[in-house]
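Here is what each chain is made of, one letter per residue.
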Amino acid sequence: GESVGLHLPTLSVQEGDNSIINCAYSNSASDYFIWYKQESGKGPQFIIDIRSNMDKRQGQRVTVLLNKTVKHLSLQIAATQPGDSAVYFCAENTGTASKLTFGTGTRLQVTL
Amino acid sequence: DGGITQSPKYLFRKEGQNVTLSCEQNLNHDAMYWYRQDPGQGLRLIYYSQIVNDFQKGDIAEGYSVSREKKESFPLTVTSAQKNPTAFYLCASSPLGGYGYTFGSGTRLTVV
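Line by line, the protein sequences are chains Y and Z.
End of the first sequence sits at 115 in my numbering; the numbers just go up one at a time, nothing left out.
End of the second sequence sits at 108 in my numbering; the numbers just go up one at a time, nothing left out.
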């Protein structure tokens, strides 16, 4: 498949372990945040979102944590599986003209 | 099924040619976006549109043009003025407000 990022930060985890992917966002006025997963050669897929009035939100095997004080967002994946191998992007809505601003991304590699 | 469709999946352009990438959505979303993705650089906004017959430049609009004649369609033309067009192009749509982008599967453009 196509590579979506040759020089991205990479996180390697063993199958079954928990993964934590971090993201620093830029605008303290951002009120909405999303995590996307992008597999090689495909478009990004929505994973989970969180609004700025929350500090934690859980989905199926995923949890997003928001620390507005330090402008930090994290994605936790429980019991990481080989199918979780992908590039993960965070995005923020700054409220300006309805646009999302995307982070550079982190490549997650799951080893057996 | 509702979704967003990009075509073609792969596109080859000769030097000096204009090419048009197609993006169609049946999600009844008002806003549509074009992003360019290069290795290690995440997603960069080319153009976006919030309403039919209106669109705005993003961060890297030079060498590109768009139209929004129908709510469902937002084609992107890569002109000969774009000096380095080889990249992965992603189209997205969302309801107004920028929440919940849905992405297409992308078009890989290569200059030959």
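There could be a bad hint or two in this list.
[What the hints assert, rightly or not] Chain Z side only, calculated, beta carbon under 7 angstroms to chain Y, not exhaustive:
1. Gly38
2. Leu39
3. Ser101
In short, the hints are calculated from the structure, not lab data.
All values reported here derive from a predicted model rather than from experimental measurement.
No residue lacks a Cβ here, since even glycine has one placed at the ideal position from N, Cα and C.
Honestly, which of those hints from before does the structure not fit? Of the numbered hints given earlier, the structure breaks none, since each of them holds.
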